[in-house]
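Visitor: If you read the sequences in order, they're chains V and Y.
Take the first sequence: its letters are residues 37 to 284, numbered as in the numbering used here.
Take the second sequence: its letters are residues 37 to 284, numbered as in the numbering used here.
Each pair may be met inside one copy or between any two copies, as identical chains are not told apart.
Straight-line Cα separation of at most 25 Å, SDA-like style, residue types lysine to any residue; simulated pairs: (1) K256 <-> P44; (2) K192 <-> D235; (3) K257 <-> I48; (4) K82 <-> S268; (5) K80 <-> S40; (6) K257 <-> A46; (7) K257 <-> E76; (8) K80 <-> S268; (9) K80 <-> Q273; (10) K80 <-> F265; (11) K257 <-> S40; (12) K257 <-> Y42; (13) K192 <-> T131; (14) K80 <-> Q70; (15) K256 <-> A79.
Calculated from the structure, these hints are not laboratory results.
Number of protein chains: 2
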Amino acid sequence: MIFSLYLPPAEIEDAIPLIWWLSGLTCTDDNFSQKGGFQEYAAKHKVAIAIPDTSPRGDNIPDSNDWDLGQGASFYVDATQEPWAENYHMYTYITQELTQIMHDLVPGYSGKESIIGHSMGGHGALMIGLKNSNRFSSISAFAPILNPIQVPWGIKAFNAYLGSEESTWHEWDATSLIKQMDQIPPILITQGTADTFYDVQLQEDAFMKAAQNKPVQYDKKDGYDHSYFTISTFIGQHIAFHVEQLNK
Amino acid sequence: MIFSLYLPPAEIEDAIPLIWWLSGLTCTDDNFSQKGGFQEYAAKHKVAIAIPDTSPRGDNIPDSNDWDLGQGASFYVDATQEPWAENYHMYTYITQELTQIMHDLVPGYSGKESIIGHSMGGHGALMIGLKNSNRFSSISAFAPILNPIQVPWGIKAFNAYLGSEESTWHEWDATSLIKQMDQIPPILITQGTADTFYDVQLQEDAFMKAAQNKPVQYDKKDGYDHSYFTISTFIGQHIAFHVEQLNK
Chain V
37 MIFSLYLPPA EIEDAIPLIW WLSGLTCTDD NFSQKGGFQE YAAKHKVAIA
87 IPDTSPRGDN IPDSNDWDLG QGASFYVDAT QEPWAENYHM YTYITQELTQ
137 IMHDLVPGYS GKESIIGHSM GGHGALMIGL KNSNRFSSIS AFAPILNPIQ
187 VPWGIKAFNA YLGSEESTWH EWDATSLIKQ MDQIPPILIT QGTADTFYDV
237 QLQEDAFMKA AQNKPVQYDK KDGYDHSYFT ISTFIGQHIA FHVEQLNK
Chain Y
37 MIFSLYLPPA EIEDAIPLIW WLSGLTCTDD NFSQKGGFQE YAAKHKVAIA
87 IPDTSPRGDN IPDSNDWDLG QGASFYVDAT QEPWAENYHM YTYITQELTQ
137 IMHDLVPGYS GKESIIGHSM GGHGALMIGL KNSNRFSSIS AFAPILNPIQ
187 VPWGIKAFNA YLGSEESTWH EWDATSLIKQ MDQIPPILIT QGTADTFYDV
237 QLQEDAFMKA AQNKPVQYDK KDGYDHSYFT ISTFIGQHIA FHVEQLNK
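Only chain V is shown next, with the shape it has when bound in the complex (with noise of 0.2 Å):
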C-alpha cells in the first residue's frame, strides 16, 4: 500500500495534529497531494496530513472493468463478500494499520485527529468520522455521496462488498449512522451547485434530516463543480475549520 504524509515546518516543541484526507473514484493519494492546494494552509496551521490510496492495488488484487467498482473504488467498507473479502479491508487498513504508521511517522503527534473527504472519500470521511466519534475532532467533506445506500454508485459498491442483504448495509451509511447519533464532532460539508453529480449521487436532504439539530454545517457554492478546483479553493476553509477543533 502507497501512502503520502504531509509534515508541516515544525520545531522540536511543537504538538502537531493529524488530518486526514479520503479521495474519491479513480483516485490515488497523488490527486490530492499534487491538485488539492492545502500545504500552504497546513504549513501555517502546523498540521499533519495523511493521504491514504483509495483501494489496495496490484495485478494480483481483484478488480472491475468498472472505474467506480473495485481498484480505486473501495468505498472505505470491509468487504465481505467474494472476490473482494479477502483484500478489501480498506475501514480497517484506515482505521487501525495505517492509523499506527501515520502516529509513529509524524514527529511531536499530538494525539488529536480530524478527517477530510471528497466524493465517495467524503462519504468515507463521515462514515469514518462518525463511527469514531470520540477519536476524531471534527469531519468535513467536499460533494460527499451522503446516503450511499440510496443512491446508484452506493447501491452497487455495497452489493458487491457486503452482499444483497441491505441490512448489512447500514453500519457503513452515513446517513443511518448520523440518524441513531446524539452527539457528533462537528460537521463542514461544501457542496457546488454546478457538480454534475449532485443530483443523482450527492442529494443531501435525507441526511440533513436525518441531521437535524446537531453540528452540520451545509455550504452550497454556486457555480462550483465536482474538480479539485473547487477543493483548492476551499480547502484553506476546512483546515481552518479543522484547526479550531484540533486546538481546543
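With chain V's structure known, arrange chain Y on it following the hints.
Guide: Quick look at chain Y alone, frame taken from chain V:
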C-alpha cells in the same frame, strides 16, 4: 491549438493586467492550471493568466520519439528546418496570434503584461520577454534553462529546429540576448538546489555574468526540486513581483 486562460473575479471598472505562463518539456496547458496553485493570488491581485500549450499538437504534426523534441518540446522558437518549419512557429504564435486572442478575451484588459515560465518555458519567458522588452513589464522563471546553446537539451533542440549553423541560435538564447541589452525589465528567477537538472541543464554562471549590473534577482532555494510543488510554493511571490511592476 488549445490554451487556458484564468480570469479573476472583477468589477466592470477594474483594469486587468495579463501574465503569461510558459510550461516546460512534456507539459500541456493543464499542468500549471491544475498544479500551479496560482489562482488564489491571481484572484487577490486581479490579474488574468494566459497558459499556452508547449507546442503544436496533432496526428499530422511532426513529432519525435524523444520527450525533449517535437510535440511538448517546442522551445518557443520559430523553426526553420524540416520537418518542423511548417508548424513549429511557437514564438510567432505566442507573441502575435495568441496575443491578439488573449487581449480580446480579457474583459477590462489594462494593456500591461508580464511573463513567467518553468524550465524550457522559463527560457521561453526570458527569451520572449527580452526580445520584447518594451512590451513586458517584468519577467520571471522557475528553474529555467538559461543558456540553451550550451546545454544538452538546448543543443539538441536548436540543431533540429534551427539547423547546425550556430550563428542562427543566438537570437533565441537568453544569455546571448541579455548580454547585448542595456535596459531590461526586472527579472526574478527561482532555482531549487535539489533540482536534478540543475547542474547540467540549468546552470546559471554564463547568464548571471551576462546579466551583471542588470536588475536580475536569482533566488536559490535549498531542498526544492524541479516539480510543481516548488512552483506552487513560490508562485505567490512571483505574482506579487509582477503585480508591483504591472501596477506602476
